[in-house]
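Heads up: the protein sequence lines correspond to chains Y and B, in order.
Everything in the first sequence is counted per the numbering used here, starting at 11 for the first residue and increasing by one.
Everything in the second sequence is counted per the numbering used here, starting at 60 for the first residue and increasing by one.
Every clue listed holds true.
Residues from chain B that keep clear of chain Y, each with C-beta distances beyond 12 Å, as calculated:
1) ARG81
2) GLU84
3) GLY95
4) HIS272
5) PRO310
Quick list of the computed label-pair ranges, beta carbon to beta carbon:
6) PRO17/Y - MET127/B: 32 to 38 Å
7) THR357/Y - LEU257/B: 42 to 48 Å
8) GLU208/B - LEU294/Y: 56 to 62 Å
9) LEU254/Y - ARG250/B: 32 to 38 Å
Calculated directly from the structure, the hints in this document are not laboratory data.
Ideal placement from N, C-alpha and C gives every residue a C-beta, glycine not left out.
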Amino acid sequence: MTAVPTPARAEAVLEGDLLVVNLGGVWRVTGPQPAWSRVLEGRRPRVVRLRADGIERWDSSLVRFVYEVQRWCRETEARCENEALPAAVVRLAAELLRARDAYVPVDHSRNFFTTVGLTATEVWRQAREFTDFIGECTLSAMALARRPGRFRWRDCFYEMQQCGAMAVPIVGLSSFLVGLTLAYTGAIILRQFGGDIWVADIVGLSMFRESGAVLTAIVLAGRTGAAYAASLGNMKTGEEIDALETLGISAVDFLVLPRLLALTLMMPLLSMYANCLGIFGGMLISYSVLNIPPTAYWVELQSIVDLSDLSTGVIKSIVFGVLVAVSGCLRGLQCERSAAGVGRAATSAVVTGILLIIVADAIFAVLFNVLGL
Amino acid sequence: MSVPTVNEDLLPPDGIPAIEVRDLECSYGGTTVLSGVSFSVREGELFFVIGGSGCGKTTLLRHMVGLMQPAKGSVCYFGENFTAADRAERRELLKTFGVLYQSAALWSSMTVRENVALPLEQYTTLNRRERDEIVTLKLAQVGLAGFEEYYPAELSGGMRKRAGLARALALDPRIVFFDEPSAGLDPVTSRKLDDLILQVRETLGTTMVIVSHELASIFALADRVILLDHEARGIVAEGRPSTLAATSDDPRVREFLTRGEGTAAGQPAA
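Just chain Y, same shape as in the assembly:
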């Protein structure tokens, strides 16, 4: 390594009302620098004279020091003599003084009412954008239904593989564990009444009517919804979507509908698969902990679960598939053109997707109750 440079120094000598400051050494912004307050030591000279005879090397740190001296002189109405400094230092210090004088700090804080108002406007705007987008997708789907040859089936099959087949392990594992947990929790209560066999009812009904569809939808909102938002967001950042638009190709036709159809078809299939794995998890616990033979479990399950339970789960999962795909694609298309924007789009897609799933599930609960399903 090279020899250690002489550190920056500022030595002050008071001669009556005049403070002579001798600057020297190597001034590096990354190294130690003298502070003007320490050089001053509480003195109040009428004139400050800066000398630079001993300066070996300088950078912005010296400019900042000179600026600090000039500012102090201005505040205390002292005179600053800096003619002995290098011309570039004087010029840059003056430039800094001008820029700092012109600088107006930006206050980003907002009062409560402004925040409430802006949030309400934002929620309204997002709701409108969401419904507009669903409308646009519906119109595009109707147009493509008339000419199915123009639909990008290849992309759709690829997306089916990505969001369907590739999601089998994670959906299977999580639903198996949920079925297992449901059986355990149910067993604690049912054992007290000698109703062990009803574990099959609890697991069967909750998986078919509720957990299977909701669990699969939440897993896919995190997995596929985020992936849709990130991939479309990246395409937007890279101007790929602009390129489609300028060619007269609708981004909804080209990018959104294949994804939407893929997820809408795959969600019920995965949901059925989740039901099976959940029931299997429950059966395993029933046999190992409650000593219920699998045959008895199966017979009880068949007696309680009917076609209406199966169809409620399937209807829900189809709607959840649409909601997850729409929120993922919409957030991707709304993405800001930056790396941070892609991250925000993915997060927003997951949050929107899960929120919509829960709201839709609540609406279904009321609706099926009214319809007697």
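Once you've looked at the hints, dock chain B against the given chain Y.
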């Protein structure tokens, strides 16, 4: 391959060069892109690495700044070997240079102020007020005073480049590398950026290494250039661009510097 003879007059006259590249071999996954590359840059010099698309200019830059490890050879900054440096030495040497990337590479989640202040937070003991003053100075130097609170997405291409330059200059490095500074800019903005580069060099004496194929900038700014060639996988010429354009016997050099028209671009026809 043969390494071109270095013109002794063009080497740093006194002591240690700011940058010394010795017998550098750059490869991508087993394919050698550049081989036997040797040159020196003197302190305060405006040095251009030029050549056609795909000749390895950016690859050479990435090897010089440590983003890629050379297969062979070394890069020294002020006599200290950067290629063989350990972690602590490397961290010290990284303060020696700043880089302005082709896309400016500003961190999009941070404001312009935060972008420029980050190197100061990492490498200095300055407090927040002092850092803000340095940031203001750097932004004023590049003509962006008042844009402290803007996010990169809110700036134009030229402004992003200038903000990137302010960030590259934050620690007052002795060397600044530029990767295609004019890329994506209109001629007027490009010219203004060239003026800014000259102004920074004149004010702070910073050594500038610029990777470019913009002939107007090369003739306006360069003290010295090296010309890389894809087929030769190395340097085919070194010298002052106007001299090379007028006197080089190598058709590759003449063709590049005259755009195949026989007269140096940006130079009056004889």
